[in-house]
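Q: For reference, the chains in residue letters:
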Amino acid sequence: MDFISLGTFVQLLVTGISHGCLYGLVALGFVLIYKATEMVNFAQGDIMMWGAFIAYMLASKLGFSYLPVVVLTIFLMALFGLVLERTIIRPMIGEPPFAVLMLTIGLGFVLRAVAGMIWGHDEKEFDTPYSIDPLVLGQVSLDYEQLVVVGCTILLCLGLYLFLRFTRFGVAMQAASQNQLAAAYVGIPVRRVVTITWCLSTAIAAVAALLVAPLQLIYPGIGFVVGIKAFVAAIVGGFGSLAGALIGGICIGIVEQFVGYTFEGAYGETSVYVLLLLMLFIRPQGLIATLQRKKV
Amino acid sequence: MRFVLKTKYTQDINLFLHNGQRFWYGLLMAALILAPFFLESFYVGELTYLFIWVIAGAGLMLLIGYTGLVSMGHAAFMAIGAYAHAVLFKLGVPFFPSLLMAALISGFLGAIIGVAALRMTGIYLAVATISFAFIIEKVISAWRPVTGGHRGFIVPEPVMFGVDFGSDIVFYFLCLVIVTAVMLLVINLLRSPIGRAMVAVRDSEISAQAMGVNLVQTKTLAFTLSAAFTGLAGALYSHKIGMLFPENFTILLSIKLLMLVVVGGLGSVHGIVFGAMFISILPQVIAILRDFLPTWLAQRRGLEPLVFGSILLFFLMYEPLGLYGRWVKIRSYFTQFPLYRKATFKRQKSYLRTERVH
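Each protein sequence line maps, in turn, to chains A and B. Under the working numbering, the residue at position 146 of the first sequence is numbered 146, and the numbers go up by one with no gaps. If you count the second sequence from 1, you need to add 1000 to reach the working numbering.
Because the hints were derived from the structure by calculation, they are not lab data. Since the structure is predicted, the reported quantities are computational estimates derived from the model, not experimental observations. Beta carbons: idealized from backbone N, C-alpha and C, even for Gly. Keep in mind that a hint or two might mislead.
What the hints assert, rightly or not - Quick look at which bits of chain B chain A covers, simulated, 3 or more residues with Cβ under 8 Å:
#1 1127-1136
#2 1252-1265
Unchecked claim - In silico EDC-like links for lysine to aspartate or glutamate, alpha-carbon gap of 20 Å or less:
#3 B:K1346 <-> A:E145
#4 B:K1342 <-> A:E95
#5 B:K1346 <-> B:E1319
#6 A:K124 <-> A:E145
#7 B:K1256 <-> B:E1319
#8 B:K1256 <-> B:E1304
#9 B:K1090 <-> B:E1157
#10 B:K1329 <-> B:E1319
#11 B:K1138 <-> A:E269
Generate the whole structure from the sequences, applying the supplied hints.
A: Printed below as a string of structure tokens:
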């Protein structure tokens, strides 16, 4: 292994953290759904991909400027979540969890194929007002895009934490997840909670999409890989914990960058999966454990 | 409906319940034995593919349908079986030992994943297996001296005792024998304490444990057997496709296998065969569909994944018991006519309670 200069080290670290934040952000989307409904949404990455395409279409085809694009994308994606929940997820409430898991796997395939048919398979670029020359600090040059990702992720996480911890609706969501029947008995509108959770989650996916779009080229397959890595992030962090998802995401982001640098890029992605399997052998409950043995 | 009056205890363990079943399955067997002498070689080849899917499906059905562990990376075990067999066979290991070794190697790796899977359920396992599949794909493409990487690996013609197994008809009968053996094994396994333990684990881990089922043993065994069957299918598959590429064993194959068990009907042995028939016919149906669809849609890439995904969605939402479940409903409609009630097969909803502490 060559000696890594400080500049490269910091740069890899920041790239790793920003990618990790992205994984964490996608993970937040399905951790939220998991927390509220105990369903696992495997299509979260593909929903994010749709968000990226919608943003791209609004910006380049319809000619909106950046801020309206952001607002409209988030709004449209929340609407998308509503439609998704009404048509596909609601009939599955009360079904075994693995049926929902497979359902969302199928949904991911459909979303990817439809996106490919609508927008084509070639890669598209998405520019933002902050896609300018990188910030240079001595040997280190940092892209603003990456810094924005980190900043937004921290803000969003904090917001979500406060929302779940202190608002009436957040507590209702937690109650609905702990015991649907009991929550319904005490007057929580469980169905509505589920619907709004999906809207919220797809809105978060939209934010992730708006952040990922300037960093990478947009193509239909973008969501799948990011989605899987987000799952790895959530598992490494401990499924069902918001902070865990973020920490896990940052961990795998950094590992991926450094392994990719050391082995000339080829094994960066694979290292993530190896890390996951190692983690499952050593500490299957994740860094922040939220699962315990079920009591009968 | 036919009621069988059991007068001996041995009747309980008969493979076939009554003579009607004996007749129909016998007829099926006879048809399958005679088929290659009457059918064109294309259809013989298709039937062979069907047998291979049945073997792979049997493996996945044991895991998903009977033990309740979802694997999204079974293409990896098929790849391991295919490459292990092809490489061993090329090194000079005789055909059958090589086939057996492929199943064993695949089963061994399955056992390792199974151990990791012990404390996992649902999503953890799905992501772990999908990661495993990605790793295997990478290993195959990177380990060029052995696997040939992306340039492919030519599977040598199987010749044994002077008999060329590569010829369509001989290979057909080889697959027929293996598929029959695998199905008998699966049926008997499911009637044995091991199979019962698997079903118990699927329905409730806690209750199973309380009844004295060894969770560790059962899950690991289920994973090992599942991987071994799928590996065996992969080994046979390698001869059928002739040339191995890492691209043969991607996530799309895993999804295809998943679709096999879901569409066939989770938790039924018949479902394996129905599912295998379904995915064998599907590519042809899609090809025919392309002729009828407007060209702007038919020529697009991604029609196949779209159809795969939609079918998965459709079955999970409207017919979670799959084709076999539909068949049972149709059958009971006629046997109980005119007393059939729709509510007989109504699914029980269960409301979730979390396992999390906060």
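Q: Now look at each hint and say whether the structure bears it out.
A: Status of each hint after checking the structure:
Counting residues of the region 1127-1136 of chain B whose C-beta sits closer than 8 Å to any C-beta of chain A gives 7, which meets the bar of three, so the coverage hint holds. For the region 1252-1265 of chain B, the assignment as covered by chain A holds, since 3 residues bring a beta-carbon within under 8 Å of that chain's beta-carbons and 3 suffice. A threshold of 20 Å between alpha carbons decides the hint, and for B:K1346 with A:E145 the separation of about 52 Å lies outside it, so the pair is violated. For a cut-off of 20 Å, the pair hint linking B:K1342 to A:E95 stands: about 19 Å separates their Cα positions.
For the suggested pair B:K1346 and B:E1319, the alpha carbons sit about 11 Å apart, so the restraint of at most 20 Å is met. Proposed proximity of A:K124 and A:E145 is supported: the alpha carbons are some 17 Å apart, at most 20 Å. Note on B:K1256 and B:E1319: the hinted pairing holds, with a Cα-Cα distance of about 18 Å set against a maximum of 20 Å. Of the pairs offered as hints, the one joining B:K1256 and B:E1304 holds, with about 11 Å between alpha carbons and a cut-off of 20 Å not exceeded.
Between B:K1090 and B:E1157 the alpha-carbon distance is near 9 Å, which keeps this suggested pair within the 20 Å criterion. Using a Cα cut-off of 20 Å, the hinted pair B:K1329 and B:E1319 holds, with the two alpha carbons roughly 11 Å apart. Restraint check: the Cα-Cα separation between B:K1138 and A:E269 comes to about 10 Å, which is no more than 20 Å; the hinted pair holds.
Hint 3 from the list above is the single one not met by this structure.
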